[in-house]
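Under our numbering, the first residue of the sequence shown carries the number 19, and numbering increases by one thereafter.
Watch out, some of these pointers could steer you wrong.
List of simulated lysine to aspartate or glutamate pairs, DMTMM-like, C-alpha gap at most 25 Å [stated by the list, open to error]:
hint, residue 1, residue 2
1, K455, E283
2, K397, D99
3, K439, E108
4, K455, E430
5, K440, E374
6, K455, D424
7, K356, D406
8, K455, E305
9, K397, E446
10, K440, D105
11, K356, D412
12, K397, E155
13, K439, E374
14, K428, D445
15, K428, D406
16, K356, D424
17, K439, D424
18, K397, D443
19, K356, D268
20, K455, D158
21, K356, E155
22, K356, D443
23, K397, D84
24, K439, D268
25, K112, D158
26, K455, E441
Cβ pair distances, simulated, as ranges [what the hints assert, rightly or not]:
hint, residue 1, residue 2, range
27, T429, N273, 50 to 58 Å
28, R442, Q156, 21 to 29 Å
29, G448, D412, 47 to 55 Å
30, K356, D445, 36 to 44 Å
31, A96, D402, 47 to 55 Å
32, A262, T60, 34 to 42 Å
33, V404, A378, 34 to 42 Å
Calculated from the structure, these hints are not laboratory results.
For every residue, glycine included, the Cβ atom is placed at its ideal position computed from N, Cα and C.
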Amino acid sequence: MRIYHFILFILVFTTYGMCAQYQQPFQLDSAAERQRQSQALTLTLHSVYHHSSPSGPTPRLFRRLDIYNSQLRSSNDALYDISAVTDSSERLSKPAKNHLIQQGSPLSTSSQGYQPKKIRWKRLGSLTAANMDILKEQVDQPVPDVTSRSTLLSLAMMTNNAYSGIDNTTDWYDLGEPWHLNTSFGWDSDGVRGHVFGNANDTLFVISYKGTSVDLWKTGPTGEKDKINDNMLFSCCCARISRAWTPVCDCYQGNEYVCRSECLENSILDAEFYYDHAMAIYLDVAERYPNATIWLTGHSLGGSLASLVGQTFGIPVISFEAPGEQLASTRLHLPHYKNMALWHFGHTADPIFTGECTGASSSCWFGGFAMESKCHTGKLCVWDTVQDYGWRVDARTHRIRNVIDDILNKTETALPLPICKKERDCDECGLWTFTDKRDGNKTESSSSSTAESTPTATEPPDDPWF
């Protein structure tokens, strides 16, 4: 059976490579890079994606606006300097990754667009039953230089600019069902947006996902849908905070802190979930440039989406002020990698990043956000702005402009870059008990251990990921 899966992956990889346009892959001088000498690259905005949510004004809308080589180029020609280094990390093998891309790609015989919901590790028996040596590989690959202030500043500015729309309604490519739209429909007021930055020879791309476009008391252009996704991703159980709250799912039991794990896993796979839409954006970029190196970034909800997509396909990610996404990662059954190229940057004055924006007196509570998650995957890179610089804990410091203006781009008394390290002894959702009928109605609860604090069902013993 394992030989069969190996042959399947090789066939998928070969077929996929023959169907796609070829370009030289992005490479660094391996000898020099082993000494971690960084190579500077310049990126510009190439395209903008917009994926609507199913319950929005234009369900299933998926569009791309190409900016590079268009009349929009002159007004969007900001340059972003990025440094890359070669680092050794574990990632998804190319055959397995290409198999996932093929699973979610449009069928040649169908008018449907990308189908990211087919990419579910929980349901991909052909992959999870295969030999782990086939699915993962240890490689030296180009990754963002997290020791470079200019690189982090460029990535942070990319995440900031992803909040800005493009004033153009006529030059979009429809990647899903065709639409005939004008400005009166408000099609761009709902869903996920991704800005794609690339270098001159199309060998390196950075996808920046838009984060939550909402102040705590004022709704932004996509604020209500963002709030639903935030509460599904970052709450312990359906945003069931009190009897006064309207939960986003019905997995809780009675009025106690008891929640059904299987129900949560099924709820997080709902079509309204932004994770699917973020994957669709990645799938289109990966299919257009199959040999290019792709990195992901984002702020807040956008950073968490970048992390989840990065874990799905095993690609490098840098997030800024992302709420803890380990709950969602485990409930989605995403792979775990050794030394994965995944970094979360944030500071201690941001209660959303640290998981402290909870309780009836918090700003998140008043804004209708159930931001209960704390634990992150990958590595944490934290500026202790409270202890070292006297900042006050305030949800208003969650804005990406605070990271750009007050930390990364500060010319006087610049804050040194933090040391990135794995999170230890993370505790979240300690009040909740999680039940699962798949385990014979056994219960489980949170503990102080990071690995055990995520309230999800115990995996079958033959699950190779955990």
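Cross-check of the supplied hints:
no. : hint                     : verdict
1   : K455 to E283             : holds, 13 Å
2   : K397 to D99              : holds, 23 Å
3   : K439 to E108             : holds, 16 Å
4   : K455 to E430             : violated, 58 Å
5   : K440 to E374             : holds, 19 Å
6   : K455 to D424             : violated, 49 Å
7   : K356 to D406             : violated, 32 Å
8   : K455 to E305             : violated, 40 Å
9   : K397 to E446             : holds, 17 Å
10  : K440 to D105             : holds, 17 Å
11  : K356 to D412             : violated, 34 Å
12  : K397 to E155             : holds, 20 Å
13  : K439 to E374             : holds, 20 Å
14  : K428 to D445             : violated, 33 Å
15  : K428 to D406             : holds, 16 Å
16  : K356 to D424             : violated, 33 Å
17  : K439 to D424             : holds, 23 Å
18  : K397 to D443             : holds, 13 Å
19  : K356 to D268             : violated, 35 Å
20  : K455 to D158             : violated, 43 Å
21  : K356 to E155             : holds, 10 Å
22  : K356 to D443             : holds, 18 Å
23  : K397 to D84              : violated, 33 Å
24  : K439 to D268             : violated, 36 Å
25  : K112 to D158             : holds, 14 Å
26  : K455 to E441             : violated, 31 Å
27  : T429 to N273: 50 to 58 Å : holds, 54 Å
28  : R442 to Q156: 21 to 29 Å : holds, 23 Å
29  : G448 to D412: 47 to 55 Å : violated, 25 Å
30  : K356 to D445: 36 to 44 Å : violated, 24 Å
31  : A96 to D402: 47 to 55 Å  : violated, 31 Å
32  : A262 to T60: 34 to 42 Å  : violated, 51 Å
33  : V404 to A378: 34 to 42 Å : violated, 22 Å
Violated hints, listed in ascending order, are 4, 6, 7, 8, 11, 14, 16, 19, 20, 23, 24, 26, 29, 30, 31, 32 and 33; each of the other numbered hints is respected by the structure.
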